[in-house]
Amino acid sequence: AQSVTQPDIHITVSEGASLELRCNYSYGATPYLFWYVQSPGQGLQLLLKYFSGDTLVQGIKGFEAEFKRSQSSFNLRKPSVHWSDAAEYFCAVVASGGSYIPTFGRGTSLIVHP
Amino acid sequence: DAGVIQSPRHEVTEMGQEVTLRCKPISGHDYLFWYRQTMMRGLELLIYFNNNVPIDDSGMPEDRFSAKMPNASFSTLKIQPSEPRDSAVYFCASSPSPGQGNQPQHFGDGTRLSIL
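Going down the list, the sequences are from chains A and B.
Numbered continuously in my numbering, the first sequence closes out at residue 114.
Numbered continuously in my numbering, the second sequence closes out at residue 1116.
I should point out that these hints are in silico values taken from the structure, not numbers from a laboratory.
Watch out, some of these pointers could steer you wrong.
[Said to hold, decoys possible] Distance condition first, Cα-Cα at most 30 Å in a straight line; then the derived DSSO-like pairs of lysine-lysine: (1) B/Lys1024 x B/Lys1078; (2) A/Lys49 x A/Lys68; (3) B/Lys1024 x A/Lys61; (4) A/Lys49 x A/Lys61; (5) B/Lys1068 x B/Lys1078; (6) B/Lys1024 x A/Lys49.
In this text, all values refer to a predicted model and were calculated from it rather than measured experimentally.
Let's have the full structure, built from the sequences with the hints guiding it.
Now the structure itself:
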């Protein structure tokens, strides 16, 4: 079965600084990968997804993520963080050829200092 | 374009009472999921439906929990009797048929449940 690890429970950055949130997955083949964001009091919203092809994918709100097969990673990045980016971020993996039901990581809470 | 709609947004009730959470998925989505989110356990999949049929309920914590989907536009999650440890945020999500697994889930805004 696939699994997802988000090593950082909390990340604190200053507004305007760059951001990288880590996601590592465990799965034998190439998975389908997703990043979601959850703002306070709201449900999860899709930021971006990777299925195949270009390993650098662009998402909404200026986010991007890079799939690195050799490292089993799918880290989320943003060059300049805005205060409104403060939220919980979830990485999810779907095993190709399985039930296609995603497995979610525990999430990383992003705190943005002014 | 209406998203997934959950009601109520907040529910506070006393231990032992029956609780019913409601969800209206996005029209045309074949799959519906119920999740529970807590600080201790994160996001847990409770049950999911395909074309109104429950496919996997292995995440349902115990017999006090039940879920139904009488038609394509409505689902309920019921807890009877409720206990304080059931306090959590419950999310409903829907998606088109996963196909090759490339369909993301669309989440409602959740029901924040507090059992006193």
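Handout entry: Satisfaction of hint between lysine 49 of chain A and lysine 1024 of chain B, Cα-Cα up to 30 Å
Key = Judged against 30 Å, a Cα distance of about 25 Å means the pair holds.
Practice task
Could you grab the alpha-carbon distance between lysine 49 of chain A and lysine 68 of chain A and see if it respects the 30 Å cut-off?
Solution key: holds (14 Å)
Handout entry: Hinted pair lysine 49 of chain A and lysine 61 of chain A, Cα distance within 30 Å
Key = holds (14 Å)
Exercise for the section: Take a quick look at whether lysine 1024 of chain B and lysine 61 of chain A sit within 30 Å of each other, Cα to Cα. Expected result: Given that 30 Å is the threshold and the Cα spacing comes to 27 Å, the pair holds.
Problem - Given hint lysine 1078 of chain B paired with lysine 1068 of chain B - CA-CA distance at most 30 Å - result: Judged against 30 Å, a Cα distance of about 8 Å means the pair holds.
Practice task
Decide if the proposed pair is consistent with the structure: lysine 1024 of chain B and lysine 1078 of chain B, CA atoms, cutoff 30 Å inclusive.
Solution key: holds (15 Å)
In this structure, none of the earlier numbered hints is contradicted; all agree with it.
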